[in-house]
Structure formats: C-alpha cells, structure tokens
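Each protein sequence line maps, in turn, to chains F, Z and G. Counting in the numbering used here, the first sequence runs from 1 upward without gaps. Counting in the numbering used here, the second sequence runs from 1 upward without gaps. Counting in the numbering used here, the third sequence runs from 1 upward without gaps.
Please keep in mind that the hints were generated in silico from the structure rather than gathered at the bench. Just so it is clear, the structure is predicted and the values come from calculations on it, not from any experiment. It is possible that some hints are incorrect.
[As the list claims (entries may be wrong)] With a straight-line cut-off of 30 Å between C-alpha atoms, the simulated DSS-like cross-links for lysine-lysine are:
#1 K226(Z) <-> K428(F)
#2 K150(Z) <-> K486(F)
#3 K150(Z) <-> K354(F)
#4 K226(Z) <-> K377(F)
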Amino acid sequence: MVHPDVESYPYLLKAQGLTKRFGSLTANQSIQLEVKPGSIHAILGENGAGKSTLMKMLYGVYEPDEGEIWMDGETVSLHPPTRARAKGIGMVFQDFRVIPAMTVLDNIALSVEKGWRIRRKSLRNRIVEVSSKYGLAVDPDAFVWQLDLGQRQRLEIVKVLLAPGTRIIIFDEPTSVLVPQEVESFLQMLDLLRRDGYGILLITHKINEVLACADQVTVLRSGRVSHQMSREEGLDGDALISAMLGDKALKPVLKPAPNSSEVRPEVLRVENGTIRGDHGEEVLADFQLSMRHGEIVGVAGISGSGQRELAEALFGLRKLASGTLTVHGKPLRGGDVRAFMEAGVSFVSEDPIKESVIPGFTILEHMVLDGIPVRNKGVGIDWRHIRSELENSEEAKSLALADAGRRADQLSGGNVQRMVLSRALIRKPDILIISYPSRGLDIGTTLTIQQRLIELAERGTAILLFSEDLDELFKLSDKLVVLAGKRLLGPYLPSETDKAQIGARMLKGESA
Amino acid sequence: MKQPTFVPVGVSGGIGPFRSNWKPLFKQLLVWLSPFVVFGVFLLFYHVNPLRLYGSMVQSTFGDLYGLGEVLLKATPFILTGLAAALPAKAGLVNVGGEGQLAIGALFATGSAVFLLERFPAWLGIPIMLLAGALGGALWGMLIAALKVKGRLNETITSVLLNYVAGYTVAFFVHGILKDPESFNWPYSPEIAWTLRLPIFDGTRLHVGFIIAIVLAIVVWYVLAKTRLGFRIRVLGSNRHAAERAGMNVNRTYFWVLVAAGALAGIAGMIEISGIEGRLRPTTGVNYGYFGFLAAMLAWNHPLKLLGTSFLLGMISVAGNTLEIGSGLPASSATILMGLVLLFILGGRRRAKR
Amino acid sequence: MITADILTGAIRSGTSVMLASQGELLSERAGVINLGTEGSVLAGALGAFATTVWTGSPWLGALAGGVCGLLLSAIHAFLVISRGANQLATGLTIMFLGIGATSFLGRDFVSEQIVGFNPVAIPVLSDIPFLGDILFNHDPLTYLSVLLVPCLWYVLFRTRIGVILRSAGEREEVLFASGINPKLVRYLAVLAGGFLAGVGGAQLSLAFTHSWVENMAQGRGVVAVALVIFASWLPSRAMLGAYLFGAAQALQLTVQQQGLGISPFFLFMVPYVLTLVALLIVERRKHSNTPEALSRVLAGEGGG
Numbered sequence: 001m002v003h004p005d006v007e008s009y010p011y012l013l014k015a016q017g018l019t020k021r022f023g024s025l026t027a028n029q030s031i032q033l034e035v036k037p038g039s040i041h042a043i044l045g046e047n048g049a050g051k052s053t054l055m056k057m058l059y060g061v062y063e064p065d066e067g068e069i070w071m072d073g074e075t076v077s078l079h080p081p082t083r084a085r086a087k088g089i090g091m092v093f094q095d096f097r098v099i100p101a102m103t104v105l106d107n108i109a110l111s112v113e114k115g116w117r118i119r120r121k122s123l124r125n126r127i128v129e130v131s132s133k134y135g136l137a138v139d140p141d142a143f144v145w146q147l148d149l150g151q152r153q154r155l156e157i158v159k160v161l162l163a164p165g166t167r168i169i170i171f172d173e174p175t176s177v178l179v180p181q182e183v184e185s186f187l188q189m190l191d192l193l194r195r196d197g198y199g200i201l202l203i204t205h206k207i208n209e210v211l212a213c214a215d216q217v218t219v220l221r222s223g224r225v226s227h228q229m230s231r232e233e234g235l236d237g238d239a240l241i242s243a244m245l246g247d248k249a250l251k252p253v254l255k256p257a258p259n260s261s262e263v264r265p266e267v268l269r270v271e272n273g274t275i276r277g278d279h280g281e282e283v284l285a286d287f288q289l290s291m292r293h294g295e296i297v298g299v300a301g302i303s304g305s306g307q308r309e310l311a312e313a314l315f316g317l318r319k320l321a322s323g324t325l326t327v328h329g330k331p332l333r334g335g336d337v338r339a340f341m342e343a344g345v346s347f348v349s350e351d352p353i354k355e356s357v358i359p360g361f362t363i364l365e366h367m368v369l370d371g372i373p374v375r376n377k378g379v380g381i382d383w384r385h386i387r388s389e390l391e392n393s394e395e396a397k398s399l400a401l402a403d404a405g406r407r408a409d410q411l412s413g414g415n416v417q418r419m420v421l422s423r424a425l426i427r428k429p430d431i432l433i434i435s436y437p438s439r440g441l442d443i444g445t446t447l448t449i450q451q452r453l454i455e456l457a458e459r460g461t462a463i464l465l466f467s468e469d470l471d472e473l474f475k476l477s478d479k480l481v482v483l484a485g486k487r488l489l490g491p492y493l494p495s496e497t498d499k500a501q502i503g504a505r506m507l508k509g510e511s512a
Numbered sequence: 001m002k003q004p005t006f007v008p009v010g011v012s013g014g015i016g017p018f019r020s021n022w023k024p025l026f027k028q029l030l031v032w033l034s035p036f037v038v039f040g041v042f043l044l045f046y047h048v049n050p051l052r053l054y055g056s057m058v059q060s061t062f063g064d065l066y067g068l069g070e071v072l073l074k075a076t077p078f079i080l081t082g083l084a085a086a087l088p089a090k091a092g093l094v095n096v097g098g099e100g101q102l103a104i105g106a107l108f109a110t111g112s113a114v115f116l117l118e119r120f121p122a123w124l125g126i127p128i129m130l131l132a133g134a135l136g137g138a139l140w141g142m143l144i145a146a147l148k149v150k151g152r153l154n155e156t157i158t159s160v161l162l163n164y165v166a167g168y169t170v171a172f173f174v175h176g177i178l179k180d181p182e183s184f185n186w187p188y189s190p191e192i193a194w195t196l197r198l199p200i201f202d203g204t205r206l207h208v209g210f211i212i213a214i215v216l217a218i219v220v221w222y223v224l225a226k227t228r229l230g231f232r233i234r235v236l237g238s239n240r241h242a243a244e245r246a247g248m249n250v251n252r253t254y255f256w257v258l259v260a261a262g263a264l265a266g267i268a269g270m271i272e273i274s275g276i277e278g279r280l281r282p283t284t285g286v287n288y289g290y291f292g293f294l295a296a297m298l299a300w301n302h303p304l305k306l307l308g309t310s311f312l313l314g315m316i317s318v319a320g321n322t323l324e325i326g327s328g329l330p331a332s333s334a335t336i337l338m339g340l341v342l343l344f345i346l347g348g349r350r351r352a353k354r
Numbered sequence: 001m002i003t004a005d006i007l008t009g010a011i012r013s014g015t016s017v018m019l020a021s022q023g024e025l026l027s028e029r030a031g032v033i034n035l036g037t038e039g040s041v042l043a044g045a046l047g048a049f050a051t052t053v054w055t056g057s058p059w060l061g062a063l064a065g066g067v068c069g070l071l072l073s074a075i076h077a078f079l080v081i082s083r084g085a086n087q088l089a090t091g092l093t094i095m096f097l098g099i100g101a102t103s104f105l106g107r108d109f110v111s112e113q114i115v116g117f118n119p120v121a122i123p124v125l126s127d128i129p130f131l132g133d134i135l136f137n138h139d140p141l142t143y144l145s146v147l148l149v150p151c152l153w154y155v156l157f158r159t160r161i162g163v164i165l166r167s168a169g170e171r172e173e174v175l176f177a178s179g180i181n182p183k184l185v186r187y188l189a190v191l192a193g194g195f196l197a198g199v200g201g202a203q204l205s206l207a208f209t210h211s212w213v214e215n216m217a218q219g220r221g222v223v224a225v226a227l228v229i230f231a232s233w234l235p236s237r238a239m240l241g242a243y244l245f246g247a248a249q250a251l252q253l254t255v256q257q258q259g260l261g262i263s264p265f266f267l268f269m270v271p272y273v274l275t276l277v278a279l280l281i282v283e284r285r286k287h288s289n290t291p292e293a294l295s296r297v298l299a300g301e302g303g304g
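Please model the entire structure based on the sequences and the hints provided.
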C-alpha cells in the first residue's frame with residue numbers, strides 16, 4: 001500500500017519556500033513543511049489564513065509561484081491534480097466531490113477504475129474490505145443523496161484509499177460536518193491510517209483536535225507560517241492560539257444572564273407542523289415550536305435534517321403540509337413571503353451568495369429588495385433618499401458595511417454576510433431567522449456578528465439561530481432544539497444539558 | 001447606421017442608456033464582420049459577387065426613400081417579436097413563442113376585422129383591431145405562462161412546441177370559417193375593409209405600425225430601466241432566489257411578463273395584416289417570431305439596441321429578396337446569413353459570470 | 001386492421017424521433033440541451049438523401065446523414081462548451097440555421113426519386129399473425145434503432161464510460177477531480193447526439209418518405225428534446241415516447257384516409273399537444289432525476 005521507497009527518505013513530501021500570489025494579494029509566503037510517513041501533520045489557521053491555498057498547491061490545483069516540493073528525493077511538480085494523484089496524494093474535500101444522483105459504487109468506480117469497464121464484483125469486495133479495516137461503514141449500493149454528511153465523508157475516504165498508490169491523504173476541515181460522537185471515531189480512524197504508514201495532512205481551525213492527534217503542527221497566519229512545533233517538543237494550546245490569532249485583541253462575546261422570572265410574550269408558534277421537502281418527502285413531522293420576545297432559539301442537527309426546509313417554512317417560502325403557524329397570534333399561510341415580512345419576520349439564508357446576491361447590482365440596490373422600505377418617486381424609486389437612510393442607519397454602521405455603491409458580486413464572503421445581515425436588521429424585525437451566520441468567516445467577523453445578535457435579542461427580537469457549531473449554539477441560545485429523524489426535539493435549556501447529550505440526540509434522536 | 005455597443009457582463013442588470021466600450025472594439029468588429037466574410041465565400045460558390053451584393057444591400061437601403069421604407073417595414077415586426085423575447089429575457093425567461101403569438105394575434109385581428117369591424121370608422125376600428133391582436137397574442141402567451149407557472153414546464157420547449165400548434169390553428173381557420181368565399185380554394189381570408197388599413201407614408205410602403213413599434217420599444221425600455229416594476233423584473237431575471245426571499249411573487253411576475261410578451265407579438269401580427277397583407281394567409285409572418293428572437297439576442301435584450309439589430313435584420317431580409325430576384329438564389333439564403341451573424345455574436349461574447 | 005396500421009405506422013414514423021431523442025438523451029445526460037437537434041435531423045435527412053441520390057447506396061446515405069447531423073451539432077458544442085454561450089439560444093439559432101441551410105442546399109433535390117430503404121420482413125417472425133406485421137416488417141434502420149436502446153442503457157448505467165458521461169451532466173468538478181476533462185466528455189456526447197439525430201433524419205428521408213421536402217422534420221427534433229425530459233432521461237422511456245408521437249402521426253394519416261370529416265389541421269396538432277400533455281403528466285412526479293447541470297440550464301441560467 002505504501003510506496004517502498006519510503007524507507008530511503010525520512011519524509012514523504014517536503015515543501016520549501018512555497019509562495020502563491022493572486023494579483024496583489026500574497027496568499028502564501030515562503031511556506032515550509034514536511035509530511036512524514038506514519039504521522040499526522042496538522043495545518044492550523046483561521047479562515048483566510050491561507051490554509052486552502054496551501055492545500056491546493058499540495059494537491060496540484062495551483063502551481064506555486066515560488067518554492068519547490070520534494071518527493072522521493074527529487075523535486076516534483078504536482079500541477080495538475082492528476083499528477084499529484086499519480087504521486088500518491090489523495091484529498092478528502094470539505095465540499096465532497098461526489099455525485100448525489102449516483103450510487104456509492106459508481107462514484108468510486110469513477111475515480112478508481114481504469115478503462116471503460118466497471119468490475120463491479122471485485123470493486124465491491126475491495127470497498128467492503130477497506131471499509132471494515134478502517135471502520136468506514138458505507139453501503140456500496142446506496143445512492144449518495146440518501147447518505148448523511150458523515151457517510152459521504154466516509155465514501156470520500158474510501159475513494160482515496162482505493163486509489164492506487166495513495167500514501168499522503170489531505171483532509172480539509174474534516175470534522176466540520178461531524179457530530180461530537182463521530183469526531184471521536186474519526187480520530188480513531190486517523191490513528192489506524194497513521195499506523196499503516198500513511199502521511200496525513202489535517203487542515204483545521206480547531207485546536208483541541210490538533211492537541212488530540214497531531215504529531216506536528218504548522219500554524220498559518222496571514223499567509224505565513226507563524227509557528228511550527230511537534231509532539232516531542234510538546235504541544236501547547238495557548239501557544240497555538242496566540243500563533244493563530246496573533247496580537248488581535250478579541251472581545252469575548254458577552255451574553256447577559258437570562259431573567260427567568262419574567263414571562264415574555266410569545267411571538268411565533270407552530271402547532272403540529274409538518275413540512276415536506278423538494279421531492280415531496282416528509283422532512284419534519286408533527287412538530288411544535290414556540291419563540292418568545294427577545295429569545296434566541298438555537299437549532300442543532302446533522303446537516304440535512306430539515307434545517308433549510310424549516311427556515312423556509314417559517315419565512316413563508318414553503319407551505320406547511322399540515323399544522324398551523326401563527327405570528328403574533330395571527331395565523332399565516334405559507335407561500336406568501338410578503339405577508340411574513342409584513343408580520344415582522346426577516347430571513348438570512350444559508351447561502352447568501354447564491355440566494356441573495358444579484359450580480360451587477362450595488363449594495364444600495366440590494367437594500368431595496370427587502371431592507372429599507374422603498375420610497376417611491378412617481379413610478380420609480382427615490383435612490384437618493386434610500387442612500388441617505390442607509391448611510392445614517394445604526395445597523396449598517398455597527399456592522400461596518402462597505403460603501404453602498406460597490407457591486408455586491410465583488411464583495412468578500414464576510415462583506416456579503418454583513419450586507420445581508422444589515423439588510424435584515426434595518427427592517428427592525430420582530431423575528432429573525434438566521435442560518436449559519438458565521439460559516440466561513442474569520443473569528444473577528446464571527447464575534448462581531450454574534451455580539452450583534454445578542455444585542456438584537458436584548459432589544460426584543462426573537463431569533464431562530466441555525467448553526468453547525470455547537471459552541472456557538474451554547475454560547476448564544478436561550479434554549480435549544482434538535483432536528484433529528486424527521487422530528488424536532490426539545491426545547492432544552494443550555495444550562496441543563498451539554499454538548500455530548502445534544503450530539504447524541506443529533507445522531508440518534510429521542511432515544512438517546 | 002447605429003451599431004450597438006456591448007456591455008461586458010451578459011445578464012447583469014445593467015440597462016442604462018448606451019454605454020460605449022472601446023477596448024474590445026476590434027474584437028467586436030471582427031465578430032460582426034466574420035459572418036459576412038463566411039457568407040461571402042459561400043456566395044462565391046454560387047457565382048455571386050459578395051461585394052456587389054453587400055454594396056447593393058447598402059445601396060437599396062440608403063439609396064432612396066422607398067428602399068429605406070422597405071427595410072423599416074421589414075424591421076417593424078422584428079422589433080415587436082424581439083420585444084416579446086427581450087422582456088421575458090430580462091425576467092430570466094427564454095421565450096421563443098413570438099412566432100405563435102404573432103400568428104394568433106394576426107388571426108384575432110383578422111377575425112375581428114372580418115366579422116366585427118367591417119363598417120367601423122378608422123379611428124375606432126384600427127385601435128379595436130390592435131387590441132384584438134394583442135389579446136390573441138396575450139392568450140397564446142398565457143398558455144405558455146400557465147404551463148410554466150402551474151405545470152412547471154420550461155417555457156422554451158413549450159413555446160417552440162406551441163408555435164407548431166399555432167401554425168396549424170391559423171391553417172385551420174383560413175381553410176375553414178375564415179376562408180374567403182371568392183378565393184377558389186386558396187387558403188386565405190377575405191380582405192379586410194380599407195378603413196382598417198394603417199396609414200402609409202408617402203412614397204413608400206411604410207405604415208404607422210413602424211411608429212407603434214418604436215413607441216412600444218421605448219415604453220418597454222422605460223418600464224425596465226426606470227420603474228419599480230422593471231427593477232423587480234430585473235432582480236428576478238438575475239437571481240430568482242433573491243427575488244423570492246425579497247417577498248416577490250415570482251410566479252405571478254413570470255405569468256404577466258409572458259402574457260405581456262404575447263401581447264407585443266400579437267400586435268406584430270395585427271400590424272402585418274392591417275399594414276401590409278390586408279388578409280390572413282397560412283404564411284403570414286412565418287419566421288418573424290424567430291427573427292425577432294435573434295434580433296433580441298443580438299441586442300443583449302436591450303429594448304433600444306433592439307431597434308438597431310432589427311434594422312440590421314431588416315436589411316438582410318430585404319437583401320434576401322434582392323438575391324432571389326437578382327441572382328436566383330432562394331430567399332432562404334438570407335436566413336443562413338442571419339444564422340451566421342447570430343452564431344458569431346453568441347460565440348464572440350464574453351463568458352457570462354456564474 | 002386499422003389498429004395494426006396505426007401501430008406499424010407508430011414505429012415507422014416514430015423511428016426518426018426515437019433516434020434523435022436517444023442522441024439528445026446522451027447530450028442531456030452530459031449536461032447539454034441541444035434544440036439544434038431539429039437542425040441536425042434536417043441536415044441528416046438532406047445529407048442522406050443527397051448521398052443516396054449520388055451513390056445509390058442508402059447505407060452510405062445513412063452514414064452521411066449521421067455525419068451531417070454531427071457537423072451541425074459540433075457548432076453547438078463549440079459555442080456552448082468552449083465559448084459558454086446560452087444553450088437554449090444557441091440551440092435555437094442552430095435549428096434556424098439548419099432549416100435555412102437545408103432548404104437552400106436542398107432545393108435541387110426536391111423532385112429527385114430514390115429507392116432508399118424498404119421494409120425487410122424478418123423470416124418466420126413476420127409470419128406471426130397481427131404482431132408479425134407490426135414488429136417484424138420494417139426498414140433496416142428501424143431494426144438498428146431498436147437494438148440501440150438496450151445498448152445505450154448498458155453503456156450509460158453499467159460501464160465506466162456511462163458513469164463518466166453522467167458525471168459530466170451532474171457535477172463537472174467531480175469529474176475534473178478524477179482527472180477527466182468534463183468539456184471533452186460533453187463534446188463527445190453532443191457530437192454523438194448530433195450523429196444519431198442525423199441518422200434519424202436519414203430514416204425520415206430514406207425510409208419513411210423516400211423524398212426530400214423543405215423543412216420536412218416538422219419539429220421532430222424539438223419533440224425529441226421534449227421527449228427526453230418526458231422520459232426522465234431513460235432510453236427505454238424515450239423510445240416509448242417516440243412511438244407515442246409516431247402513433248399520433250399514424251393516427252392522423254389513417255383518419256385522413258378514412259375521411260372521417262375531422263379537419264386535418266386538428267390532427268396535425270395532435271402529436272405536439274400530446275407531447276405537451278405527456279410532459280405535464282411527468283412533471284407531477286415527485287422525485288426528479290434531472291441531471292444537475294441541466295436543471296440549471298432549464299431554470300434559466302442557460303450557461304455552458
């Protein structure tokens with residue numbers, strides 16, 4: 001399985017002085033690192049620190065502008081990825097490179113088999129063999145769309161392991177899709193791989209994972225290596241944090257203690273709700289949900305457990321198949337978004353770039369879509385009035401919104417998130433439904449947004465917060481609900497439960 | 001001739017007045033010239049001198065008033081069916097139903113003229129006939145719209161299929177109850193009353209339908225560029241998810257945009273009858289819907305640029321007739337030239353951003 | 001008797017649509033919708049007819065027809081795949097160019113006569129009462145087209161080639177990550193689609209009508225595109241849909257011959273209306289297996 005030449009060199013791959021620039025931006029500057037056989041090398045860094053650029057150079061997606069990569073005692077070029085793969089480098093992507101409409105077997109055949117044939121029987125045997133060896137249970141005949149994210153990840157890993165000659169495996173933020181219990185078995189699998197001599201590159205921003213398994217750590221900050229250490233020298237969590245964040249002063253998010261004696265009025269209520277998905281299948285059955293004035297309700301669940309459908313139903317984008325939905329005591333029917341907006345509901349969707357950004361339109365024009373109430377000028381729109389209103393708005397200022405004249409499709413992810421959030425906040429919503437507000441953002445922006453949400457709740461907005469980050473949910477929520485097995489479980493009080501319990505419910509539903 | 005300039009990003013919301021873009025001018029020139037070169041080579045095979053042909057094209061267009069009138073006459077229905085494609089395109093729809101909508105519009109207009117408006121004075125009869133044409137086109141557009149909104153069927157495919165149905169519907173009527181009793185078995189309708197014919201400019205065959213088309217193009221441009229309705233349509237066309245999340249009723253917008261497009265093409269049908277032919281034939285306006293679609297594509301679905309591209313297609317159409325008379329090549333050769341122009345434009349475009 | 005006529009006619013007149021739809025199915029499975037199929041059918045019909053007139057061999061004609069269809073689809077492939085042009089608009093333009101070019105180039109062939117393909121009765125089988133005539137007395141291209149369907153199914157769903165082709169229509173980045181160039185795959189699929197549409201056209205002019213008439217495809221290529229959607233991208237269902245279309249055509253001929261007093265123009269409409277109704281019915285289905293790349297095109301994003 002592992003290349004015989006490994007014995008003759010102390011490393012599988014060695015990178016020296018890797019530099020990559022995009023225009024005036026230097027994404028990676030003189031990166032140095034080694035991947036040794038039978039060891040785990042973690043690349044730690046914040047969003048935007050340059051991890052993904054580095055990883056793409058090592059997987060051959062980008063050609064480095066400077067520097068060299070050594071394998072088997074000679075410099076190699078890994079670009080394009082086919083060449084990297086031929087050299088034995090495999091990659092487990094964060095956004096899995098799988099095709100939902102095809103079976104697991106077909107997906108594996110695509111990348112593993114050669115020629116025009118698929119030797120179904122032998123391939124199936126090999127899949128079963130590898131998956132039992134490393135504890136990667138996955139059904140070869142299932143369609144990928146039927147799998148949850150954990151299973152899809154296992155499929156990706158099997159694919160990499162079955163590819164001939166694999167000796168280095170790059171994992172890109174692998175635990176971001178896993179619940180706490182799954183993380184544990186994932187780390188066990190990494191250990192098995194290490195024992196079999198694979199060289200592993202683990203890209204992550206989670207320090208406790210690094211502490212749990214890494215043999216070596218390279219910390220990236222602003223595209224440079226800010227720190228490197230190995231387990232023999234001793235790994236130190238605090239040193240890693242400061243290497244990761246630098247001297248950035250981070251104000252911790254403060255949440256005032258809830259005043260439990262006060263009974264707040266209910267603003268939104270769903271009774272016996274049932275929601276169907278895009279293909280008419282039941283996604284959530286017979287659930288109850290209640291949100292009160294100024295309350296943050298956190299929604300936990302394995303990705304694809306009905307989060308999107310629930311959010312859409314509460315904003316009127318999707319009809320309830322049965323049950324009732326009332327806002328401020330008034331029943332609302334799905335399908336009429338405007339009625340929901342007029343009742344004070346705002347929605348920040350999970351993929352703002354795809355679902356909210358209109359290419360070629362400026363921030364100002366986006367604001368009119370549903371933010372600032374349109375002021376009419378004859379049959380047209382009074383743009384000057386809207387601009388001054390935007391520039392004077394508290395919400396836009398506190399989120400440091402970019403200039404109103406900039407084109408939205410040229411903004412960074414953080415700026416798009418800010419724009420979408422300001423737009424939702426400018427309407428001063430009574431109820432805010434917000435999906436994954438911190439996904440893909442650096443820690444500074446994340447903290448700003450979290451603080452804003454808390455302030456918003458203090459001023460009386462009820463917030464339904466979808467997040468895949470249990471830390472975030474526990475930090476912000478007044479109560480938690482869990483989506484699992486077509487049911488909505490809870491509410492639970494964060495003070496009376498813990499992450500392991502919530503994680504177990506995410507995995508196994510009520511029985512846990 | 002006013003050559004349209006190009007805004008770089010394909011379907012972006014930009015719909016301001018003409019914006020010039022000098023940098024890729026050479027490339028644009030190449031894109032526009034190449035089809036004429038290719039077609040020229042093709043002509044050489046048939047012993048036609050392309051330079052002479054192109055020369056006579058320009059000559060017959062700008063040489064005298066009559067020639068110019070002919071080109072504008074040809075361009076008129078292209079403007080209207082072009083609008084029928086451009087307006088939905090701004091909402092993100094690919095409507096090719098102009099062909100069928102024009103036919104049904106012509107059918108309604110003729111029907112109303114023959115059965116109802118015979119004795120009406122011009123000031124009343126012509127507007128009613130125009131409305132009848134618009135209604136016919138709108139109904140046909142509504143069919144596509146209903147299939148889109150209620151049946152969730154892609155409008156491109158349904159509109160092409162319905163074009164065939166519309167053609168046979170017209171054939172059914174002109175072979176049946178709309179047939180001229182004095183026609184000796186020829187399938188055409190009786191001639192409409194002279195009071196219902198559109199006034200004509202002296203010295204040409206050009207009629208006021210041309211003015212109607214230009215006014216409608218300006219109206220469509222104004223609505224799209226300057227009004228809230230237009231803003232919403234453009235938002236929908238650029239990102240339907242965003243439009244939904246902004247509380248817009250997407251299906252209702254799709255529906256009425258397609259109906260309005262149908263009405264525009266229906267008006268083209270009425271103008272064909274009232275302005276030129278005077279009676280309905282199975283061949284009335286055949287292919288005009290497709291030409292209009294092409295003109296809209298060439299104009300990036302910009303209603304004002306569409307005036308220019310329709311004019312160009314009008315020139316090519318007239319040249320097709322010249323070809324047929326002058327060198328015995330069939331009029332379909334003009335179709336080839338049009339197809340080539342469009343292919344080069346489509347291929348020469350910058351890749352739209354995802 | 002009439003039933004047998006209609007059923008025989010369904011196959012005879014549906015074969016061209018069937019071939020075109022199988023080709024379009026390949027193309028759409030790879031993520032490219034090609035309304036230019038109409039043009040390819042016409043180009044195939046004319047190319048096959050002309051070649052048969054010149055050489056006397058319908059087999060060479062059928063091959064030439066396929067090549068003509070392929071050449072026209074190559075324009076579509078280039079514009080859509082390499083230049084990123086809007087698929088629906090480009091397809092329409094090519095349909096249009098095909099109609100123009102074939103009526104131009106074909107005007108000398110309108111009055112030509114050919115032998116072309118004639119029905120070949122399969123011994124023994126064609127003697128089966130009722131079914132024998134319906135199923136086993138057809139032209140060679142029809143037999144071949146029927147054999148094509150299971151072959152296509154096997155290739156699409158049982159070989160790695162099929163997996164690669166379907167991946168191109170689902171998520172090209174996955175294919176790319178597997179070291180295969182998705183553009184190349186799409187090119188090949190569109191070209192194969194154009195070839196089959198061309199052979200379909202050849203069946204039309206060489207076996208069905210034995211003549212060349214301007215714009216003789218009469219929307220068969222467009223119907224083929226619609227049928228692929230109706231068939232939810234499965235070869236066997238596309239075959240069924242095509243024969244349904246063929247039956248509607250045959251019905252119209254039969255009713256006309258019987259002189260039942262129904263206006264022929266209503267009957268002409270039937271196949272198109274039927275196609276629309278069929279589309280409406282399948283659209284009600286819950287689980288859709290529209291290739292992802294294609295659903296983006298159909299939802300109006302249009303890009304390559």
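Given the hinted pair K226(Z) and K377(F), is their Cα-Cα distance within 30 Å?
holds (10 Å)
Next pair to validate is K150(Z) with K486(F); report whether the Cα-Cα distance is within 30 Å.
holds (29 Å)
K226(Z) paired with K428(F) [C-alpha distance capped at 30 Å]:
Roughly 28 Å between the alpha carbons, so the hint for K226(Z) and K428(F) holds.
K150(Z) and K354(F) were given as a pair; does the straight-line alpha-carbon distance stay at or below 30 Å?
holds (25 Å)
Taken one by one, the earlier hints all hold for this structure without exception.
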